[in-house]
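*Asks:* Each chain is listed here by its residues.
There are 2 protein chains.
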Amino acid sequence: MLEPSPEIIIERIRSALGTQRIQDAVRILLELRPVDQAEVFNLLTDEEQILLLTELDIPSTADLFEELENEEVLDAVGTLSPERLADVLDEMEPDEAADLLGDLSPARATEALANMEDAEDVIPLLGYPDESAGGLMTTSYIALRRHTTARQAIEFLRQVSLDVEVPYYLYAIDREKHLIGVVGFRQLVIADPGVTVEQIMDREVIYVTVGDDQEDVARVMSRYNLAALPVVDDQHRLLGVITHDDIIDVLEEEATEDIYHLANVTDKDLNPQSPIVDQVKGRLPWLYLNMVTALFASWVISRFENVIAEVAILAAFQSVIAGLGGNSGSQNVAMIVRAIALDKIDSREMLGVIFKQVIVGMLQGIGVGVVIGIGVAFWQNDLYLGAIVTMAMIANMIIAGIMGTIVPFIVKALGQDPALASTVLVTAATDSFGFFIFLGLASLLLPYLVNSP
Amino acid sequence: MLEPSPEIIIERIRSALGTQRIQDAVRILLELRPVDQAEVFNLLTDEEQILLLTELDIPSTADLFEELENEEVLDAVGTLSPERLADVLDEMEPDEAADLLGDLSPARATEALANMEDAEDVIPLLGYPDESAGGLMTTSYIALRRHTTARQAIEFLRQVSLDVEVPYYLYAIDREKHLIGVVGFRQLVIADPGVTVEQIMDREVIYVTVGDDQEDVARVMSRYNLAALPVVDDQHRLLGVITHDDIIDVLEEEATEDIYHLANVTDKDLNPQSPIVDQVKGRLPWLYLNMVTALFASWVISRFENVIAEVAILAAFQSVIAGLGGNSGSQNVAMIVRAIALDKIDSREMLGVIFKQVIVGMLQGIGVGVVIGIGVAFWQNDLYLGAIVTMAMIANMIIAGIMGTIVPFIVKALGQDPALASTVLVTAATDSFGFFIFLGLASLLLPYLVNSP
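Just so you know, the sequences run in chain order G and S.
Position 155, counted from 1, in the first sequence is what the numbering used here calls 136; the numbers after and before it change by one each time, with no gaps.
Position 452, counted from 1, in the second sequence is what the numbering used here calls 433; the numbers after and before it change by one each time, with no gaps.
Rather than coming from a laboratory, the hints here were simulated on the basis of the structure.
Incorrect hints may appear among the rest.
The list makes no distinction among identical chains, and a pair is therefore deemed to hold if it is satisfied within one copy or across any two copies.
Subject to a maximum C-alpha distance of 25 Å in a straight line, what follows is the list of computed DSS-like cross-link-like pairs (lysine-lysine) [stated by the list, open to error]:
| hint | residue 1 | residue 2 |
| --- | --- | --- |
| 1 | 262 | 249 |
| 2 | 249 | 325 |
| 3 | 337 | 262 |
| 4 | 262 | 325 |
Make a model of the complete structure from these sequences and hints.
*Replies:* Structure follows, in structure tokens:
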């Protein structure tokens, strides 16, 4: 959507800055929408960013900061005077300002709050965890009393700033700020001017409580197709509103977390360009866990050292059994984890699913095992070896079906994200069992193997 | 949010149906919101569903159908007469009606369209692929001409049905239906009644073209935080509007697809309870691909058959090197795939990322390799074997860093989803290379190994 491309815009800004036409550079930047400004700003050098910020007006700086990522905005904030930072924070949406304040050093945050004019909008938001309903909500919404007429409401709307972040619904509250109803903007517009809020409001308001987890909030909004969702405290008093765009971020974060957990990366904020130390921290612990399970599988193999010493070619096929079993198990884990995440399955249905996955595993085991068994029999000119490969494959894929279904449910029952650790545990099972069943069958049938001594 | 629980509501409905009080059962169902009705409806038996549908009024049936999943609604549709089905389709949102018609048999769909009154709203939507902007959009939006005044617009709004699906924005079009601007609902409300649409509209409308892929549509809506997004044809004529709730579905679908592709499950519509045949179809082809790569790795091992015959314990450790390398590679793939999906990386940055991932791989290789090398050295009382394990582990994790970064970019450059096949190809590399480097080093250092003959 960004035309001309960021590169061309950056060239224009650079050439303006290079000849000290800073105002021109700012004008080029401001022709873009804030999110596009952020993209371009981010590609500039620190010196160029500082030059632009000196001339950018306060409201535009606030818009820009709202669109920058956390680390990027922290870099930019460092160059502002405390007074200017406070002015910018006053102009930002309260929820965005609160997020930024939360990322500053305590000293810097306190200083900024002391200099702010509208600190009272932001302070209530500072105490909530980032990933709770309180951490997502904004205090920038419109609340009406029940006896307000449609005419008065519209008059009120004309007076308040157009910048209120929640333009879809109006919330009705009583004297103690209890949430008692919701009015759609359009209902208000088409209502008779003398009608009161109470007469047109919907009393069955869908809401969340301030401590609710962001993932539950996202589920409610997506289930009921809401553009905005009110947040209340335990006494049902209206505290803030969450908007649809926040939910999109939450869903993307949660999807990233699931994908990372399935691949054994702990920290969802990591990306391939994160500092090396952070990447190693988020990944290495899982490799150590994997090391333990892999060593257990090694120990299983080592129990069959004599068999392998006699028929060394077994070592070439043990990994096929283990690897394909692990693959089938990972397919299973991915499907179960996703079904749990999207609320499409619950533990009462587990037995039926296990039964189905055992059948799927068996069929896959037959499908792959027969082909590979025939291939191995011809390649090694050893019918028994081929038969062992087939049998071990079928058995291991049945295990993959069982473990791949049970493990995510167990991890969930332990109060953990089912995506976390499930892959490691399931592949630990398919590796160890795969080696055991293949080498075990081989040792039983050793006298029949072609290469046996 | 559903209180009392679905089970209790189902009991109440069952007891009403059991005593032939069908009207009562319908009333209990209608006390719920449509999405909750769908959840309960879905848990009833076919006979119970048919009984309810005979007494459920047309608009409620339409609301219910909009919330049911594809297969569920098809079951329910089967029990309706052609005339009744046409009436329900008339009441449904045009985009939902078009989706349902697309799932019916051609004969059934033609018959239903012939019986519909508002078929002209739906027919234009039938031709677009499900996963394009055209497949997501609804024709149920409000368009205004540029000279309409705010007062006239509000008067118009009072007349049109409250059921229009897009209550956030009004779109301004010219005589030829070209999209020329957008007006927020609130702007309209607070505008002076005599002001024209042209005077208050924003001319810089963000839009998509009807053939755009749903993933790109979702990116645009989430980037610009839009509650609704207009869809135009090549001539920039307004065809429809996509709303925020459709995008949530798209994002969840795309996340499921990424998770499934990374785990080698092709069909994103599968879930653990899908028919066994479908599950095998979506999973088995990948196991065959994996079989081929696994057999290649077996062949690599078979080249070292003599070495293994002499030092059989090598077979116990080859899998640790291959497995942990594969694990590290999968971590890499997940991070790259997610960064590509979220547009946080592009191929120009690839070299820098490869460099970083090589360092990460090396550090992880040292971190795991030294520990495991010492462990193996003590366990097998063989210093050289430990050293070989350490060296092979470091080398394999460097390969994991390189391949885990390059492969997703290559798959993407080939026009495929980078999540697809990347895991298989990367683990093929770490398996084969892992076996090769470990067994290769062992054969070079064979005379020094404790158990060597």
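*Asks:* Determine for every hint whether it applies to the structure shown.
*Replies:* Taking the hints in turn, this is what the structure says about them:
1. With identical chains, the CA atoms of residue 262 and residue 249 are at most 25 Å apart within one copy only, with a shortest distance of 12 Å there and 32 Å across copies.
2. Taking identical chains as interchangeable, the C-alpha atoms of residue 249 and residue 325 lie at most 25 Å apart whether they share a chain (24 Å) or sit on different chains (14 Å).
3. When the C-alpha separation of residue 337 and residue 262 is checked against a cutoff of 25 Å, the pair qualifies only between copies, where the shortest distance is 14 Å, while the shortest distance within a copy is 38 Å.
4. Taking the shortest Cα distances, residue 262 and residue 325 sit within 25 Å of each other only across copies (21 Å), while inside one copy they are farther apart (33 Å).
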